[in-house]
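Chemist: This is what each chain is made of:
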Amino acid sequence: MTVPTLPIGAEPATIDCETAVRRLYDFLDGRLPAMAYAEVELHLSTCLRCPPHFEFARKLQAALAAERSAGPADDDATARLRERVRTALRRERDME
Amino acid sequence: MELGPAAPLDRREPNTPAAVRGNPTEDDFERLTLPFLGDVARFARSLTRNPASADDLVQETYLQALRGWHTFQAGADPRRWLFAVCHHAFLRTARRDARYVDAPDNDPELDSLAAAVAHSVAQRSGVVDALDRMDLGPAIARALDTLPPHFRGVVVLIDVEGQTYEEAAAVLGVAVGTVRSRLFRGRRLLQDLLFEHARDAGLRPLAPTSSIVSHQ
Chain A
1 MTVPTLPIGA
11 EPATIDCETA
21 VRRLYDFLDG
31 RLPAMAYAEV
41 ELHLSTCLRC
51 PPHFEFARKL
61 QAALAAERSA
71 GPADDDATAR
81 LRERVRTALR
91 RERDME
Chain B
97 MELGPAAPLD
107 RREPNTPAAV
117 RGNPTEDDFE
127 RLTLPFLGDV
137 ARFARSLTRN
147 PASADDLVQE
157 TYLQALRGWH
167 TFQAGADPRR
177 WLFAVCHHAF
187 LRTARRDARY
197 VDAPDNDPEL
207 DSLAAAVAHS
217 VAQRSGVVDA
227 LDRMDLGPAI
237 ARALDTLPPH
247 FRGVVVLIDV
257 EGQTYEEAAA
267 VLGVAVGTVR
277 SRLFRGRRLL
287 QDLLFEHARD
297 AGLRPLAPTS
307 SIVSHQ
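Residue numbers (the working numbering), protein chains in the order written: chain A, 1 to 96; chain B, 97 to 312.
If you're looking for bench data, these hints aren't it; they were derived computationally from the structure.
Keep in mind it's a predicted model, so treat the numbers as computed, not measured.
The beta-carbon is built from N, C-alpha and C at its ideal position, and this holds for glycine as well.
Hints are supplied without guarantee of correctness; some may be wrong.
Among chain A residues calculated to face chain B with C-beta under 8 Å, some are [stated by the list, open to error]:
# : residue
1 : L6
2 : I8
3 : A10
4 : R23
5 : R58
6 : A65
7 : V85
8 : L89
9 : E92
Calculated Cβ distances over 10 Å to all of chain B for the following chain A residues [as the list claims (entries may be wrong)]:
#  : residue
10 : V3
11 : E11
12 : Y37
13 : A38
14 : E41
15 : L42
16 : S45
17 : P52
18 : D76
Just chain A, same shape as in the assembly:
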């Protein structure tokens, strides 16, 4: 994810907790404009309560990403499935 950068001289405004957590998922996904992103960063650097919400959401995202590699990498099963699909495709073509 690329962190958006503020134009030189631009200062982020102070935001409250509700505004910060409303931006939680957009912030984690890197989809906030530079100023909104910087405002959340500033808030997280001073707020004692909001950072755990962001950390927890980030942890869940990491665990979900790990699901991809945790999936079955069974070459035999894939080969069997490939053969099953090929047979079904042949049957489909024969019916045409």
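Following the hints, position chain B against chain A.
Modeler: Just chain B now, with coordinates in the frame of chain A:
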């Protein structure tokens, strides 16, 4: 807004080995699609949460793809096209099984806010600490099992498969804004299911809640 399933995709990925020039013929079908069978199988497994159903879905995906091969555009990404066909076939089954839940059309930021509120409550009641002591992988897998199909599809595409909002929108045949609202709702529901799982495991009872986020 639904834009229809398996819309032809026009973004070429130069590094995709199966990207082709010219109109693909029927003879090209297996050559261009079968190399992605493993990816489709993994996606189907993430959607159905059941090995036998996943294999059925993969077979159905390839049969549907063969029947619709004439709609495949030269230069499109076969993998993404297969994902679109697969997701469409999955939702059709989900509707038939009456597990279909439509996505809400609301303010996605409310789901961000609600997720933080739920996290605050879970923190105070000790559920977050309990979850920290658990193996998160199996808990996540169980939560995905029960996530309604529409939300599961988008969470799998973006958070598991690592696709962008725009790529997921092309696969699902919906607008990017719809992807965002389904994703945020899906993440919030997933988090709720995880907390529920931690409580069901008897790790810590949920304390009564009265206040919402009012930090500053």
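Chemist: Hints first: check each against the structure and report whether it holds.
Modeler: Verification of the hints:
This hint is violated: L6/A has a C-beta 22 Å from the nearest C-beta of chain B, more than the 8 Å allowed. Given the 8 Å rule on beta carbons, the hint for I8/A is violated: about 29 Å separates it from the nearest Cβ of chain B. At a threshold of 8 Å, the smallest CB-CB gap from A10/A to chain B is about 23 Å, leaving the interface hint violated. Here the hint on R23/A is kept, as its CB sits about 7 Å from the closest CB of chain B, short of 8 Å.
Checking R58/A against chain B: minimum C-beta separation of about 11 Å lies over 8 Å; hint violated. A distance limit of 8 Å between C-beta atoms decides the matter here; for A65/A the minimum to chain B is near 7 Å, and the interface restraint holds. Using the Cβ-Cβ criterion of 8 Å, the hint placing V85/A at the interface with chain B is satisfied: the shortest such distance is roughly 5 Å. Annotation: interface hint on L89/A holds; nearest CB of chain B at approximately 6 Å, less than 8 Å.
Below 8 Å, beta-carbon pairs count as interface contacts, and E92/A has one with chain B at about 6 Å; its hint therefore holds. With a least beta-carbon separation of about 17 Å from chain B, V3/A lies farther than 10 Å from that chain, consistent with its non-interface assignment. The beta carbon of E11/A is kept farther than 10 Å from every beta carbon of chain B, the shortest such distance being approximately 19 Å. Non-interface status of Y37/A relative to chain B is upheld: no Cβ of that chain comes within 10 Å, the nearest being about 14 Å off.
Distance check for A38/A against chain B: the nearest CB is about 18 Å away, which clears 10 Å, and the non-interface claim stands. E41/A, annotated as away from the interface, keeps every beta carbon of chain B farther than 10 Å; the closest lies near 16 Å. Residue-level check passed: L42/A sits 13 Å from the nearest beta carbon of chain B, beyond 10 Å. Listed as outside the interface, S45/A is consistent with that label: its C-beta sits roughly 13 Å from the nearest C-beta of chain B, beyond the 10 Å cut-off.
A Cβ of chain B approaches the Cβ of P52/A within 10 Å, the least distance being about 7 Å, so the stated non-interface status is violated. The Cβ of D76/A lies farther than 10 Å from every Cβ of chain B, with a closest approach of about 12 Å, so its non-interface assignment holds.
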